[in-house]
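Hey, can you work out the whole structure from these sequences and the hints?
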Amino acid sequence: MRSTRRETSPPLQRIRRRRGADGGIYEARTRDIVVRVAPVYLPEESAPEEGLYLWSYTVEIENHGVETVHLVARRWAITDAFNRCSEVEGSGVVGEQPELKPREAFRYVSSCPLPTPSGAMRGHYQMMTEGGEVFEAEIPEFSLHLPGAARRYN
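To convert, note that position 125 of the sequence shown is 125 in my numbering; the numbers rise steadily by one, no gaps.
The set of hints was computed from the structure by calculation and includes no laboratory data. Bear in mind the structure is a predicted one, so any value in this text is a computation, not a measurement. Backbone N, C-alpha and C fix where the C-beta goes; we use that ideal spot for every residue, glycine too. Keep in mind that a hint or two might mislead.
[Said to hold, decoys possible] In silico lysine to aspartate or glutamate, EDC-like type, Cα no more than 20 Å apart, as pairs:
1. Lys-101 to Glu-67
2. Lys-101 to Asp-32
3. Lys-101 to Glu-62
4. Lys-101 to Glu-50
[What the hints assert, rightly or not] Label pairs and their calculated CB-CB ranges:
5. Pro-48 to Gly-132: 45 to 53 Å
6. Glu-133 to Pro-48: 42 to 50 Å
7. Glu-89 to Val-66: 25 to 33 Å
8. Pro-147 to Cys-85: 20 to 28 Å
9. Pro-147 to Val-66: 37 to 45 Å
Written as structure tokens, this is what we have:
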């Protein structure tokens, strides 16, 4: 991801949703950090008769800025179809605290079980610049739903 011009964007988050193979790619931008998420339902790993619905999601984090940043921590809010919310927080992602130099990206895959056939996730990453400034990079809210099923969250 090479760019010859410095992108200037406000510190406020911008969210976009683009169509993907399984429903969508969700995107948020905070400062010069772009976070994209692509969720996919995993029917072969789910057991609806036991109240288990499993999704995987791929996250890509891109640094469009001019300064190196570290992903220090994460915080997720997960909502099911009955509007029950749980929170998950911790250090880094998938056991790592990646460093993102300018024009670099980091990608990982994780999963989320739900007791209902639909829901949503949203959150933020705590980022730190080399100068020690800490800020939150938003993770866009994205839906988890069975392909072709009605959505019941929110």
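*asked:* Run through the hints listed earlier and report the numbers of any the structure violates, in increasing order.
replied: 4
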